[in-house]
Structures are given as C-alpha cells and as structure tokens.
Amino acid sequence: MAGRTTTGTRLRALLDLLAPGLARASGRMFCGDRVREAYLSWLEVSYSMTRATVPLLRAALQESERRTDPVAPALASYYTAQIKDESGHSSWVMSDYAAAGGTPRNLRERLAAPAVARLVGAQYYWLRHEHPIALLGHMAVLEWYPPAGELARSLAGRTGLPGTAFRTITGHALLDAHHGDRLARLLDTGPISRRQESLLTRSALTSVHGLGDVVRELVARAERSDRP
Amino acid sequence: MTGLSRLAELGFDLELATPEQRAVLQSLSQEEIELLADVKSRLEEAAGDVEGHMDGGGFCW
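Keeping their order, the protein sequence lines are chains A and B. As numbered in the working numbering, residues 1100 to 1327 make up the first sequence, in order. As numbered in the working numbering, residues 141 to 201 make up the second sequence, in order.
No lab work stands behind these hints: they were computed from the structure. Just so you know, even glycine gets a beta-carbon here, dropped at the ideal spot from N, CA and C. One should not assume that every hint holds.
Covered stretches of chain A (in silico footprint by chain B; criterion: 3 or more residues with CB under 8 Å from a CB of chain B, positions within the stretch not fixed) [what the hints assert, rightly or not]:
hint	segment
1	1108–1119
2	1181–1195
3	1308–1318
Pulled from the structure, derived: some chain A residues nowhere near chain B, Cβ distances all over 12 Å [as the list claims (entries may be wrong)]:
hint	residue
4	Leu1139
5	Thr1167
6	Pro1172
7	Arg1209
8	Pro1261
9	His1277
10	Leu1285
Just chain B, same shape as in the assembly (with noise of 0.2 Å):
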C-alpha cells in the first residue's frame, strides 16, 4: 500500500493536496504516515464541527 493510499483510507482528504504535498506524502515513512494522520484527526476533533478560525490566519504562537 502507497502512502497516499493508507491516508486515504485514514480519512485524509487529499483532493486540496498540491503535487508537491502529494511527492511529499508518497516520501514518508509509514510510521510518518500514521503519525500525520493521527495529528490530522486530533485536530479535526479539537475544531469540532465550529465554522470560526483565527482572525486573519495563523496559530496564536
């Protein structure tokens, strides 16, 4: 299975991924790949299902 395979079936949405992300996914290890999809759903869990994001972009720190 390609790595861009296993995020797909993680639930990571690829169809925004630029080609360059998509060299840079198939580059990952597997355990870099299960590692990114779990920081992925975490994220997704923590901004729930709230429209909102941080004025004008970026993280706070």
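In isolation and in its complexed conformation, chain A is listed as follows (with noise of 0.2 Å):
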C-alpha cells in the first residue's frame, strides 16, 4: 500500500471516517427553531475563527522560511499563495453578519469562545514546536469538507433571510475545493516525511476535536435559545 498511495490519499482515508460524525454534529446547530439566532451565534464563532487565519498562516510562512528541510521551499509558497486567497475574508463574516441583522462591532468586541482559542491556539503550538508542515492537517480539515452552496440555499429558506447573508458560506463553498485541490497537490508531491505524516496525522485529529468542541458549545448555546 504505501508504494501506491501519497502522504494526501492517506491522510483524507483516515479523516473520511470522522466526516460524517462531524458533519452529523454539526448539522445539530441549526434543527432548533431559532435558526435566525443560531446563524448569528455561527457567525460570531466564524469571525474569531476566521480573523486568525491569515496570522495563522504568516506564522506557519514565517516558520517555513527559518526551516531547511527538503519541505520547508513548498510549504513557504504553499502558504504565500493561501495568505493571499485567504486576506478579507473577515470581512465577508462582518458583512454576512450586518445582513442578518447583527451589529458588526459586537463581532470585534466579544471574546472569542474558549474552544476556538484551543482549536487554533494548538496550530501555534504544532508548528511553532514541532513544525510548520503541521498546518496543512488543520487546513485539510477545513478545505477537504467545505460546506455545500445548498446550506446557504436552506439556511436562507428558513430564516428568512436574503442571499446577501450567505457570502461566508458561499463563497467558501466555490473557493475550497480550489483549496483542497492545491492542498491534496502538496501532499501528494512534497517531500514529505515519516515523522511529518505522523505530525499531519496529529494536528488533522487535533482539530477534528477542537470543531467538534467548537459545535458543541454552538449546540448547547442554540438549544438553550430554544427553551421556553
């Protein structure tokens, strides 16, 4: 086996059989009755989640360029390239969010959740400590299942909402699989190794836990909004 598949090929076996629980997980965030209110709470998650992306990225671009293993070159452009697609996109949050009918300022001014400061927090930690490859199990985690333009279409039906509201998940939905494309690309030709997989392996299950954290609390938070 390991003569016929790539670091990439292994790496999405092992997190398709977690993408269904997660997927089922999170589809719990939006079955209650104040849908409205748990796409705001969505967005709010959303935006301290995607306003650390792009330092995320400079850090594991910043890493990269001190390393000089036989990865360090591709991963530098690797995350050059996503820092670029990945700038503004905070932005969409803050607008999708206006839409709905939320106060962008309470976007910057709430702390974020303690389970996305662990869900991102730990991303330091591996490519800080260990190394910058670490990032692209994260980010497999993210781009390999991006949500669907029809969770856009439904959540818009239910709340009531227009389609300008949607721009986050649209817009993630069309340029992910982009994404995925260019990440499955680098895994399956960079010189990658054993001890790399190993740590690929490791953040990718890290951060299936840390979303699964973050659902959680949104669950909890949408079912408390339900009660009576």
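Bring the two chains, given one by one in their own frames, into a single complex with the hints.
Here it is, written out as structure tokens:
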C-alpha cells in the first residue's frame, strides 16, 4: 500500500472516517426552532476563527522560511499563496452578520469562545514547536469538507434572510474546492518524512477534536435559546 | 493487539472501512489510535441521536 498511496490520500482516508460524525454534529447547530439566532451565533464563532486564519498562515510561513529541510520551500510557496487567497474573509463574515441583523461592532468586541482559542492555539504549538507542515493537517480538515452552496439556500429559506447574508458559506463552498486541490497536490508531491506525516495526522485529529468542541458549544447555545 | 482490533475494542465500527482506510489504520501508532478513537467517540456524543446532517454535507467551516 505504501507504494501506491500518498501522504494526501492516506490523510484523506483517515479523515473520511471522521467526517460523517462531524457533519452530523454540525447539523445539530441549525436544527432547532430559532435558526436565525443560531446562524448569528455561527457567524460570531466564524468571525473569531476567520480573523485568525491569515495570522496563523503568516506564522507558518515564517517558520517555513526559517527551516532548511526538503519540504520547507514548497511549504513557503504554499503558505504565501494561501495568505493571498484568505485575506479579507473576515469582512465577508462581518457583512453577513450585518445582513442577518447583527451589529458588526459586536463581532470585534465580544471575546472568542474558549473552544476557538483551543482549536487555533493548538496549531501555533504544532507549527512553532514541531514543524510548520502541521498546519496542513488543520487545513485539510477545513478545506476538504467545505459547506455546500445548498446549505446557504436552506438557511435562507428557513431564516427568511436575504441571499446577501450568506457570502461566507457560498464563498467558501467555491474557494475550498480549489484550495483543497492545491493542498492535495502539495501533500501528494512534497518530500514529506514519516515523522512529518505523523505530525500531520496528529494536527488533523487535534483539529477535528477542536471543531467538535466548537460545534458542541454552538449546539448548547442553540438549545438554550430554544427553551421557552 | 493490532491497531484494528484495538479500534474495534474501542467501539470503532470498521465494517464500512475501505481497504485503504484499513491499511492507514494499521499504520497508526498506539497513541494515534487512542486519539482517533477518543475523537470519534466525542463526535458521536456531540451528534447525539439526531439524524440530521449539514445540508449538502461538509462541516460548515
């Protein structure tokens, strides 16, 4: 098997085992009666995650440029391109939040959920103290299982909100497919050592674990809001 | 104990796993297997008994 598969296909095979569970857990975020409130909560959490994306990529780029191992140059190129593509996405969230009836200033003023800090913070540890390739495990979790455009249509129908309130979902549905392919190419062709592959696995599992906790907090919030 | 039998013991249903997935699972270290099983059981707990899923699939992020 080792001769026929790549780091990318092995990582995807592993994540595919967990994807249905995370998708089912995510589905609970919007299955209550107060879908609009649940969507606003989702945007609040998305803002705290999205604003961390470019700084996290910059940290990974900085570490990649400092390393001299064979995969470092490819990582630096990859992170440079990714920074360009991800810049400005937190403004999508702010614009959606305003279109959904929220006050964008609240997004900047509210403190992030602890689960988000754990999810993002873990990646700083992996990339600083192990190797910057670790961030690819986190990105595989986020880029290979994007929200579908169908989700935006469904939420628009159930909340009565205009289509302009869902750019974060529709934008990522389109972009993540392209980003996912770019990531897969790097994982399939980069000179990745056995230890680095183990780190990718560990990072990806940490992120699935962390996203599960983020979802759990959002579901709890939605269920509290549904109570009479 | 192999990785697969340890996963089965931890409640991991491997009936639907592809040959490629089985091979990947076989290659994991004991520590990775414990982590994988822990993550999976937490997700199942978070999903509860709700049959719903994200419209169109995916995780929403």
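(message) Which constraints among the numbered hints does this structure fail? Numbers only, ascending.
(response) Result: hint 2 breaks, nothing else.
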